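Student: Throughout, the numbering used here is defined as the position within the sequence shown, counted from one, plus 30.
Simulated from the structure, these hints should not be mistaken for laboratory data.
Be aware that a few hints might be false.
[To be verified] Derived DSS-like pairs (lysine-lysine); straight-line CA-CA distance at most 25 angstroms:
| # | residue 1 | residue 2 |
| --- | --- | --- |
| 1 | Lys238 | Lys267 |
| 2 | Lys98 | Lys69 |
| 3 | Lys125 | Lys98 |
This structure is a prediction, so every number in the text was calculated from the model and none was measured.
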Amino acid sequence: MTSVLSISAPGSTVFAGNGAASAALARLLNEWHAALVRKYPTRFSFVAVIPLPYTQEAITEATYALRKLDAAGIGLLSNHEGYYLGNSNFRPFFKALNDMSKGNITVFIHPNSPYLHVNGTLIDANPSKPCIHLNVTHRADVITALYGSGLVELYFDTARTLMDLIVTGTVQNYSSIMYQVPHTGDSFPSIIDRFLSTSSADTAAVYKILQTRFWWDSAGPTYPHQVQGLLAYDISKSQLIFGTDYPYGYNYNATLQSILRTSFLEPSDIAGILSSNAREIYQIRN
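Using the sequences and the hints, build the whole thing.
Tutor: The following block contains the structure:
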């Protein structure tokens, strides 16, 4: 069975403001993945790391990874240096993917911590970061947050970028691109009706896109409860796939057992989640 590998946050975005360095790191990571796939061709495939927000560098790397390294898809973050995926500067990148895709390019979106641009400086906008305060003795104490970004904030960032992709028409306009979203959509299902009610987007058309061009993975404690918020939008179980969040994620065996024990899944649904649905979206033959 083939596993599709990806790089989690921060991807190649560790050199804020330096497009050349981000592109070089993306190339290094993609070449490493490709070498691993060549060594174990029946065990692994990969989605390529892309150096957004540097649009031309991103197009160059996507083209190289897909055509030269045989990447199975493209990996993006929910935001790249604080810019969400519906940003108008990214349209040439999505157009290039759409033109290359011939209906079979998949974009995997992994959440990232939020960032803000303040007075020309990129700052971490995660509200759960440790903070400093003065106690009664006027001694500065470091107060450790009770929750980390991986527990809460990443769920919200996925929702922000999916909303951005839809409200800006990016998903609708570049219709040859498929999407994989982790954690059964994170907090996105809970805001779909709310943002569509104030958007000019065609609600019925958006629902259809979410039902046919999006696949939703199981990483984390998402079964049997969280996934039902997604299924309420008539998402077919054939759009559900297995994900791990390895090496950072939740107990992987517990995730698997939760799927196996979910009462509303038939054996055929489980078989699809664990294998055949992902084979379809990534066109895996092994």
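Student: Against this structure, judge whether each hint is valid.
Tutor: We went through each hint and held it up to the structure:
1. Lys238 / Lys267: 14 angstroms, holds
2. Lys98 / Lys69: With a Cα-Cα distance of about 16 angstroms, the restraint between Lys98 and Lys69 holds, given a limit of 25 angstroms.
3. Lys125 / Lys98: 20 angstroms, holds
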